[in-house]
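S.K.: In terms of this note's numbering, the sequence shown opens at residue 42 and continues consecutively.
Derived by calculation from the structure, the hints in this document are not laboratory data.
PhoX-like, lysine-lysine: derived pairs with alpha carbons at most 20 Å apart:
1. 99 - 61
2. 158 - 61
3. 99 - 158
4. 158 - 140
What follows is a set of in silico ranges between Cβ atoms, one per label pair, in the way DEER data are often shown:
5. 94 - 129: 32 to 38 Å
6. 64 - 147: 43 to 49 Å
7. 112 - 149: 17 to 23 Å
8. 97 - 148: 41 to 47 Å
9. 78 - 57: 18 to 24 Å
10. 125 - 67: 40 to 46 Å
11. 60 - 126: 30 to 36 Å
12. 128 - 80: 28 to 34 Å
13. 94 - 54: 20 to 26 Å
14. 58 - 147: 31 to 37 Å
15. 44 - 93: 16 to 22 Å
Built from N, CA and C at the ideal position, the CB exists for glycine as well.
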Amino acid sequence: LVHGRYVMTPSPIPRWDVPKLHMAKHLTILSAGREKRIFAVPPFTRVEPLAFSDVPYKVEDHADLTCSRSNTRGFFMNEIPLEDGSSSFEVSDSEWGAKTIQSNEGKAVTLGETWYKNGEMPK
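Can you make the complete structure from the sequences, with help from the hints?
M.R.: Rendered as structure tokens:
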């Protein structure tokens, strides 16, 4: 809900990004090319997730998932469906995941910060 009045349905925008739009210092432009739509959110605009009394706003919790490639936990994961109907998970930040694998192999790499860590997003 933008500025307490407008419903915006940009596609795709993950749920965890919606709070980042609230009172952002920058102009945000989102587009959905296949739907021929453009959305613009001016700087310092009130943006709230659309929530209902029976369906509260909730961001996925990936704190307890383990990456199948790098064996790390506490980061945002992509779900990979497997043929047997189960799922595997991989760190969404692919560059960070690749550096973690290299670090686990004993290579000297610098691991920077990532935006979702230990199940929480930066405030």
